[in-house]
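Peer 1: Knowing the structure of chain P, use the given hints to seat chain D on it.
2 protein chains.
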Amino acid sequence: MNQLESNVPDAALRNVLFIMCDQLRWDALGCSGHPCLETPNIDRLAGKGVRFDRAFVNGAVCGSSRMSYYTGRYVVSHGARWNQVPLEVTQKTMGDHLRELDVRTVLVGKTHMRADEAARKRLAIPSNSPEWMFLSECGFDAEEHDDGLHPDARVPMDLPYNRFLRSQGFPGDNPWHTAANSVIDADGELCSGWLLRSAPFPAVVPDELSETAYMTDRAIEFIRRAGDDRWCLHLSYIKPHWPYVVSAPYHDMYAGEAMPAPNRTEAELKTTHPVIRALHRSRIGRAMSRTETRQLVLPTYLGLVKQIDDHLGRLFSELEQLGRLDDTLVVFTSDHGEYMGDHWMGEKDWINEEVVRVPMIVIDPRSQADNTRGTTSNELVEAVDLLPTFVEALGGENETRKQWLEGESLIPVLHGERGTRREFVVCEADWGFLEMANHLGETKEPRLRRATMLRDERFKYVLSEIGSNLLYDLDEDPDEQHDRFDDSSMGSVAADLHEQLFEWFRSRHHDTTFSDEMINATSAPGRTAKSGIMIGYWDEEELSAGMRGELY
Amino acid sequence: MNQLESNVPDAALRNVLFIMCDQLRWDALGCSGHPCLETPNIDRLAGKGVRFDRAFVNGAVCGSSRMSYYTGRYVVSHGARWNQVPLEVTQKTMGDHLRELDVRTVLVGKTHMRADEAARKRLAIPSNSPEWMFLSECGFDAEEHDDGLHPDARVPMDLPYNRFLRSQGFPGDNPWHTAANSVIDADGELCSGWLLRSAPFPAVVPDELSETAYMTDRAIEFIRRAGDDRWCLHLSYIKPHWPYVVSAPYHDMYAGEAMPAPNRTEAELKTTHPVIRALHRSRIGRAMSRTETRQLVLPTYLGLVKQIDDHLGRLFSELEQLGRLDDTLVVFTSDHGEYMGDHWMGEKDWINEEVVRVPMIVIDPRSQADNTRGTTSNELVEAVDLLPTFVEALGGENETRKQWLEGESLIPVLHGERGTRREFVVCEADWGFLEMANHLGETKEPRLRRATMLRDERFKYVLSEIGSNLLYDLDEDPDEQHDRFDDSSMGSVAADLHEQLFEWFRSRHHDTTFSDEMINATSAPGRTAKSGIMIGYWDEEELSAGMRGELY
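Residue numbers (numbering that gives the first Met the number 0), protein chains in the order written: chain P, 0 to 551; chain D, 0 to 551.
Chain P on its own, in the form it takes in the complex (with noise of 0.2 Å):
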């Protein structure tokens, strides 16, 4: 690591590279063991560091994990429960606690995250301020905001990768939608890619101009430029969500592949529980347990991994010429996963492990790392864990950051010095938003329509604010396919989580506008009647043994 004349502390590391994809699953990895896909980047990235096996997100839809991870604060904390729901403009993010350590945080790609537009108003901040640049880009330097999802009803008036794609010769308002997305199907048509019948024809642009080359290029671009700076570069790629549709040759690499079982059964659908009922019966749910997705839309959805990898492989290769792999903590995640059929369901929204669980692959370069290197670790991991990792590696504390951090920095797991004091991880699901919630019919407030997930080593408990709570055995049916929730020879079992769950609502840190700190200086002995608030004295005498913090 090369360090000379930085102001860097010697324990620090430079950098972050906290790569991100969106909805790829725990399992679709090599290292994670897929029957057939084969990811040898992201596996050889796994050789040099820790890969979580046991990783999970905090939040079950993209725009609520997402803050999770770039708060570094449950769901409940920080408030923006779904997609579109704005992040209040109170709540700090990755670009304000490493701003403070000098460390630039850049975004290529997605966040997904909504500005606060009614408070920007009510506070008159001007939308031309750096302030207000720094929050309607969740604490990120843009250096490529995209969020990937542009559907002509509302396309960006001046999308980049809109403007690339057309310099490109592929011309049109919106290319994202008509040839990135986009396939020429068996009769010749030019097929949308949101529809599932267009997940087995390739990509109307080749593999080089899609958006996974696109943003890994930009994301080289940014590191070449940056040079000694120090930075915090979040690669944060749409894929493999969907639109399901990938360029040649990944269209059909799985094509003729036999793709692993999906996780159901009949028993499922007989089951009586009010929102999982409704999830089986959603359009999402409905068209995803369809066994032709499973033989077409499957096989893209591992080629769009596919593709990610190999891109990674040209980044990768970068950062070693550039010397970075040496001075750069490096993650690799997703934001959720996706059911992809699995418990008769599609997309996400709810409380599974196909949902819940991510890849996550840290790798730090120091040598106090080298024990771990290569290893898989099962401790209990969480997004919100993500920030105080970078703060930590980047030489900073995390002590005086608690009323903020939730999560607990990795790096001493990473150094083999001891593993999580975390006993059980917690994942909220909302599915108010989802047009599924009108198969319930008339439900409580709308904002209750929502589950809390606590998970610990063997259980998992789902508190279900609507229909009855669940318990999964997941030692004794790690496909959660029986409910154990009502069955008494679980004992206090449930009884004992749901009470753990409560102590974590009550532990939770809305209150952000003071501290440890401050609690400890004001309730020190003396110090009301310095203050001059002397109340609780009879005399001169017991004031002034008041003052000397004798009487308390």
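Hints are computed from structural coordinates only; laboratory data are not their basis.
Which copy is meant is left open, so a pair is good if it fits within one copy or across any two.
Using 16 Å as the maximum straight-line C-alpha spacing, the simulated EDC-like pairs for lysine to aspartate or glutamate come out as follows:
1. Lys443 to Glu516
2. Lys120 to Glu130
3. Lys401 to Asp515
4. Lys120 to Glu99
5. Lys529 to Glu549
Peer 2: For chain D alone, kept in the frame of chain P given last:
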């Protein structure tokens, strides 16, 4: 009610007069049955409206309680958990809600609000901007902002009340202290009113120059000057809060009276509860439990209340003359009570009725309220109910403010239409900021030094984060002398209330950047397809059905 040439809806009132005392116990009024104190003016008010006999604050100390009154939100939602804890700039206050109804929200007196200076800097809100003036004054238009505690160690440079006292012949840097809140003791020495031994002597200033007189004058001046402008005036007295000194003749008006016996038993001193024991052992607990405190301080406390009643008499006469009693909702309440040695405690900060129960009188002058005039209501009422009551009284909608306002309007009760929908009240008590916290030795995370009380019609359940939980049966034990938490004869009462409290925690609206309307609009069938996010459609035919809202 004269509403000629007015834009106020027929059904709406023009104004709100929101009178608050500080540290006034629910039982320290004539109309609530005090054995020696007479408060004819407040009693007359009760005769014109409804006296809520079971009204509770949501926080057990000034700052947190007041922020619940001013935001209409529970403490865990607004986050300002103790005195001097800044209120987040994103918390909407009374001033936000009422200005939407074209009503000025005006302050005369105390708010105990601390502005969030750190957020101001981060958001680059100019400190001299109208927006910051609004935020830093807690949404009030400060006719006279005076938090009433001005120890020499931190006297504001330009306190109007000090200027006033100087103009009246009381010189010095801080006549608030040396004149309004000091006495000449038996030895002819000037003695600070902070010291309890000062209680039996008259304040240096005469009654007509007291803080209570001065604030009443400011309120009267404002009301006269406002004419037909619509207003919500918060007249917020610092008294009967410490320092316990009062001008003649109030200083010895009750000196000869037999004071009611304190509510405490020797058995209470045997408690093993670490928090209660620490409250007993604290300086304030010990000071207020002395027999001489009861003898000397309680009469002064009653004198301070009597003084308020007399000055309110002046105010009410003025309102009557101006015709304002016909178009103004009038509220009289307090921010919390005072132990005054009951339970061997002093001050507040804990969860007994002496602290959490407050006077609450509400007068609606409209004819719809005629049937409830002069009645006493046993409905469970909370501080958070006032703001929705004001919104409704002034002609606004509460339905569209649901993500903000957590209480319920009392107008239906005042109009005799129905009771409240509330089954219990909640009050949160943080004691970690108190010097007494040092009596507990090491405890867990400082911010969890707190308790949450749930009180229903019969029981009071206290979830204490440190030490065991508590249960009182108020039917059998209105004095809260017998903790029944471990009493097996209580069956599942504690467990049931614990679960109710968990539901209450989960129903809180920390997240205010989205509304029920947004949830319902987002989940409308066909909405995603129409926005162009065409997830879950196999082909064009399905998409058409989706666009028609038929496939969800």
